[in-house]
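> Below, each chain spelled out in residue letters.
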Amino acid sequence: MMPAKLCLVLHAHLPFVRHPEHEDFLEEDWLFEAITESYVPVWSRLVKLADEGIRFGITLTISPTLAAMLDDVLLRKRLHRYVERLLRLSETQAQVHSLSLQGDTARQVLHRCQETLTFLARWKDDLLAPLRHLQSLGCVEIAGCNGTHGLLPLMSSEAARRAQIRAGVDAHARNFGRRPRGLWLAECGFDNGIDELLAEADVQFFFVDAAAIERGRPPSPFGLFSPVKTGSGVAAFARDHETGRQVWSGDQGYPGDPAYREFHRDFGHEAKLEDIAPFLPPDGRRRPMGLKYYRVTGRDVPLHEKQLYDPAAALARARVHAADFVVNRQRQAQALSASMAEAPVITACYDAELFGHWWYEGPAFLEEVLRLLARTPEIQSATTASVMDEDRTLPHQNVAPSTWGAESSNKVWLNPDTTWVYPELHKAEARMQTLVRRFGNEDGITARALRQLGRELLLAQSSDWTFLITLGTAPEYGRARLREHLEAFARLAHALETDSLRDGDLIARETRTPLFPDLDVTAWT
Amino acid sequence: MPKKQAPSPTPPAPASQTRTPPPGQAGAAATIASPPVAMSSPATAQVNQAPQAKAPTPSAPQPKASTPAPAAPVAMPANAKLVLWVASEAVPLASTGGLGDVVGALPGVLRDMGWDVRLCLPYYRHQIKQPVSAPLFHFDLPLAEPLAVDVRQLINPPAGVPTYLIDCPMLFDRVGLYVDGNGPFVDNPFRFGVFQLAAQRLAARLEPTPAIIHSHDWHAALLPALVRLPGPTHEKLANVRTLFTIHNLQYQGDSDRGIIEALRLPPQLWDPNWAEHFDRFIPLKAALMTADRITTVSPTYAEELRSQERGMGLDGVIRSRGTDMRGLLNGIDEVSWNPAVDPALAAHFSAAEVQGRAACTKALRAELGLPDRPDRPLIGFIGRLVGDKGVDLILDALPELLDLDVQVVVLGSGDAALEARLRAAEAAYGPRGFRTVIKFDAKLARRMYAAFDMLLVPSRLEPCGLVQLYALRYGAVPVVHGVGGLRDTVREDENGFVFNEPSAVALTDAVTRAVRVWDDQIAWTALQVKGLRQDWSWKNAAVPYDALYREVLNTPIRRSFTPAVVVTEAAAARAGTEATVTDSKAPSAAPPPPAPRAETTAFRLMVQGPRSLFAYWSAEAQGPFDLVVEERPSGVMYTAAADLPAKGERWLGALPDQAYRAFLRDRAGRVVALSNAVVTPLQDPPPPAAEHPEWLEAAVEVGVFNEDGEGRRWSAVFKGAPAWTKTKDGSVEPSWPEDGHGVPATGPVLDGVGRPVPHVGASEALHAPAHSKRDINLSNVSMHPPEGHSAALASSAGVARLGSGSGRTR
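The listed protein sequences derive, respectively, from chains L and A. Under the working numbering, the first residue of the first sequence carries the number 1, and numbering increases by one thereafter. Under the working numbering, the first residue of the second sequence carries the number 1, and numbering increases by one thereafter.
Rather than coming from a laboratory, the hints here were simulated on the basis of the structure. Idealized CB from N, CA, C, for every residue including glycine. Be aware that a few hints might be false.
If you only want the chain A side, here are some residues facing chain L, beta carbon under 8 Å, derived [said to hold, decoys possible]: (1) Ala602; (2) Arg604; (3) Val607; (4) Pro610; (5) Phe614; (6) Tyr616; (7) Ala621; (8) Val679; (9) Leu682; (10) Pro688; (11) Ala690; (12) Val702; (13) Phe705; (14) Glu707.
I would like the entire structure built from these sequences, with the hints used as guidance.
Below, the structure is given as structure tokens:
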């Protein structure tokens with residue numbers, strides 16, 4: 001019997017946040033936290049596994065906005081500054097606490113900082129380089145993502161959807177030296193007809209929410225455990241429920257274990273200001289600093305009653321959880337294999353930042369899972385591309401419109417708090433189309449202006465802004481960014497229409513948004 | 001991180017997790033502290049539209065208004081708004097069911113919140129024995145046969161709610177309220193018609209003038225329409241807002257057209273936009289079409305009523321009301337239902353002291369002759385023995401339930417066949433611990449609520465349901481079928497157990513889960529206490545009503561459809577023709593001026609989810625506009641909203657797996673904007689072997705969901721749909737496909753409220769006699785006067801617009 005396949009998919013995405021106009025910008029820390037806590041810890045472990053010759057397969061999706069930030073000189077410089085600050089803080093704290101649990105925690109963070117710097121040095125500060133390396137080995141597959149993580153189903157036209165997809169595919173080809181075989185649709189947002197656009201862009205497969213296949217017609221004989229082939233011939237992989245629940249669920253998920261690090265108590269908010277002042281940016285304001293001394297302790301334990309984190313105990317726990325995860329996959333594989341002619345495929349999709357940022361011990365868990373799977377005959381870790389390469393008959397299905405949001409619907413991004421966004425976006429989408437039709441054949445400053453218009457529109461379409469508004473996590477920032485790009489779009493469009501383009505204005509915007517350098521605007525026609 | 005959902009090391013405790021970011025750094029700090037949400041279901045911000053309840057404190061005594069008030073009820077603040085409740089029953093005066101419970105309880109609570117609620121009921125002399133006043137008002141109703149009615153008032157009204165009684169012994173002094181031993185009274189539509197005509201006049205005479213008329217069920221469903229139509233109270237009640245509550249959609253009070261003449265009702269009511277429905281006169285429809293807001297007794301039931309299975313033929317109308325229709329839960333009388341003092345019980349208990357419950361259980365076991373087995377759970381059912389209540393599921397599951405080593409008890413009476421099955425089951429399973437008590441015994445029921453470990457509520461249909469609330473209040477953990485109000489009040493792991501399909505297997509599974517928890521007595525007691533602590537009082541249930549009253553007073557009156565000019569039957573008879581209704585937009589009228597350019601108009605539909613659409617528009621033309629929605633392949637077309645401004649947005653109810661398109665129509669009937677088309681996704685997995693529907697395949701193929709401002713591609717998929725083309729003057733005109741005019745390509749033809757109508761092809765429609773049934777309800781689609789070929793076809797639409805039964809000419 002063929003072993004079952006476990007396709008782990010880690011979706012890495014951050015919206016494009018880069019503020020050269022400020023010396024320090026709080027929202028840029030999102031990137032630095034993700035790099036130091038998630039990306040480097042996970043990617044360095046994958047490199048290590050590959051170096052050791054462990055057989056594994058995993059799929060990483062990297063959004064173009066994230067890739068552009070990883071590739072940005074200014075942000076790299078600021079990353080070093082961030083790591084240095086944390087390194088000095090943890091060094092000081094390790095001395096203060098010496099042989100206590102706090103000392104262990106501080107030393108662990110210190111160690112992580114050093115490792116990050118080593119990793120950055122090894123790859124000459126180019127964080128896309130280790131990914132290209134892993135991809136060339138075949139154990140890691142890098143899949144793409146649509147342009148700026150815009151939610152395709154809520155766009156007003158086929159042209160707008162096509163432009164997002166094409167921008168994502170082109171950026172990916174530039175970043176990773178090959179066109180992506182698979183594409184992550186932002187928020188797993190699928191609507192009728194999107195598969196046609198993917199086929200047009202030579203994409204071979206994409207990822208969907210479980211509902212897409214569960215509600216698709218005709219019902220797939222293998223349920224979620226085989227990719228399906230859509231009408232356009234592009235395959236769709238659906239997220240498995242069980243693997244999602246084990247890791248994500250607040251009640252049953254691993255990250256809620258009492259031994260694990262408590263995310264919500266950060267030294268930056270608890271220390272005396274004078275203790276952390278030397279490690280803060282010049283504005284001297286408190287912020288989360290990435291050093292956290294407490295553990296989850298218990299489900300209903302209030303934050304102030306949390307107990308001290310013990311890094312060694314947490315690591316041991318992560319190994320136990322990894323073993324549990326693999327045993328459960330074995331069972332799942334056995335149960336499925338009994339009823340399936342082909343080897344079942346379990347697709348487990350997660351946000352990449354879950355491992356390390358939210359769930360601090362996640363990278364260690366992941367490494368252990370991959371190691372254990374390499375020794376488990378019933379089930380193998382595999383890239384989605386390798387599944388596509390197998391001689392496998394995929395059932396035909398029209399997958400259903402869906403997202404991975406609440407109720408598999410568009411609710412998270414379209415609700416009374418965000419309705420104002422869409423008339424504006426749709427107006428810009430239509431206007432972009434008109435402008436491309438009118439000026440698409442020109443070159444020089446007109447062509448540059450069209451590309452910049454495309455960038456502003458793409459950036460305005462990011463699903464992150466409406467998400468931040470809906471969840472109330474950073475609604476002001478979300479609104480501000482929407483306004484910024486829509487206004488820049490409107491000003492530039494007006495200038496183009498009235499033949500009053502000014503090179504200075506254009507350069508100002510181009511330097512603010514250094515991504516999609518050779519954006520192909522013909523997608524909008 | 002501005003990322004998806006953060007699984008958190010500390011499961012939900014949002015308040016403690018949201019640290020206050022340092023000033024000026026709202027962004028990242030707040031983001032990172034985002035409360036954890038399971039990835040597969042990121043929380044959606046739910047907008048609570050109803051403002052928070054704030055009850056004015058009753059202070060000033062009620063001024064002696066000109067309203068005669070023999071009883072001096074609870075004093076109201078001077079500025080209290082008068083809300084007149086009109087209903088056919090109320091406890092403790094005269095009641096047959098849930099309607100009476102609500103009408104008996106809620107007004108008193110709302111009075112405490114500062115609303116001057118008064119009640120208007122028929123004077124059932126046979127049932128209402130309390131002392132009443134001399135007549136306050138006397139009305140001679142100008143019916144076909146004039147009829148005199150008096151209005152009296154209760155001297156000592158229950159709960160201090162001023163209660164007006166419509167006194168007409170000929171109609172209301174009977175043995176039953178609606179039925180007697182010979183079945184329903186045949187003159188019910190007439191009786192309650194008279195009741196409402198009197199209530200309408202009473203409302204106009206009250207001081208202060210009522211701010212809101214809140215009417216209930218079909219017996220009072222004409223009122224929201226009557227106050228909007230020309231008549232004796234038109235001016236006086238011009239500003240009154242109307243609320244209508246559906247307690248039971250099954251009874252719609254329908255009759256034939258003759259009732260209009262008998263009651264001398266405004267003839268405009270005989271119109272699909274008012275009360276006419278397939279040649280029947282349906283009072284309930286009048287309320288659904290005209291009331292400013294509609295409520296029903298639970299959110300889930302409100303959702304269920306939008307579906308064809310539960311909508312009783314009016315689901316289309318209900319869907320068209322979108323968010324105007326709300327589900328508000330009922331409450332229970334927390335004073336009478338209090339296990340700490342209830343005299344019916346063997347022992348008393350409360351959330352703080354649950355020990356007394358064991359004694360109640362022991363006593364009940366003794367009373368029913370069951371072995372005293374405190375080590376095993378006692379499970380029961382209390383309710384009417386009818387199909388809807390699902391007691392047959394318990395019977396089917398009985399052997400498996402008893403295998404769990406539990407004792408099962410059923411109390412109730414009703415359907416003779418079910419009673420017989422229960423008796424047989426007791427004979428067979430009595431020794432294994434099954435008891436049945438075939439009667440209705442309120443005191444025994446209370447003892448049972450206090451004694452059962454679990455209460456089974458396997459109802460197939462349950463608009464709100466009270467038994468589960470009584471059970472929670474008395475510490476019996478409910479095990480319910482998740483429909484209607486049961487779904488809204490009982491949650492698995494929170495206060496009970498829920499199963500999702502009406503089958504014996506699902507019921508057994510749920511009980512098995514419950515018994516498993518029961519085995520851990522600490523966990524079980526925790527679950528019981530959670531239920532005991534919940535507040536299901538009317539005081540709590542009244543809060544959303546209070547908010548809704550304030551909301552409705554702060555929003556404009558719903559514009560009803562302008563009634564057409566009416567030629568009375570008598571006049572028609574003189575002219576030797578059938579009664580004819582002439583529309584103001586007759587062909588002879590001057591052609592309307594050109595509509596503004598459509599290019600500058602944006603109009604989009606967006607799908608939020610399987611049941612919800614969002615529409616926004618921005619038209620250059622001057623409003624007001626009607627927003628008309630076309631649903632395919634069901635073929636339903638309806639006006640979703642009227643009186644809309646030139647720029648706006650609207651949430652619309654929808655059904656899963658349908659395609660939608662909408663247009664804006666101005667007062668002159670011109671289509672000024674046509675939306676894109678969308679399709680709603682399925683909500684549940686399709687049945688096995690379900691194929692992708694051809695229409696959807698075709699729609700994707702021709703790109704109907706993309707950039708199709710003229711709607712041409714839509715009509716390539718849905719053959720019966722007109723495509724709109726822009727004329728030179730910029731207005732929009734329909735062009736009909738060659739085949740199947742006005743008839744959808746697939747599925748039955750439905751009218752505006754989802755009832756199938758006989759198929760009428762285009763040519764038949766053209767030549768059909770004037771009184772033929774409409775083929776598809778295009779009554780909401782009036783279009784530009786067409787020319788040539790399209791003129792002929794559009795006049796087929798004209799035929800299609802004919803109101804059923806009445807030969808309307810255009």
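> Now tell me if each hint is right for this structure.
To see whether the hints hold, each was checked on the structure:
no.	hint	result
1	Ala602	holds, 7 Å
2	Arg604	holds, 6 Å
3	Val607	holds, 6 Å
4	Pro610	holds, 7 Å
5	Phe614	holds, 6 Å
6	Tyr616	holds, 5 Å
7	Ala621	violated, 17 Å
8	Val679	holds, 6 Å
9	Leu682	holds, 4 Å
10	Pro688	holds, 6 Å
11	Ala690	holds, 5 Å
12	Val702	violated, 11 Å
13	Phe705	holds, 6 Å
14	Glu707	holds, 5 Å
Checked against the numbered hints above, the structure violates hints 7 and 12; every other hint is satisfied.
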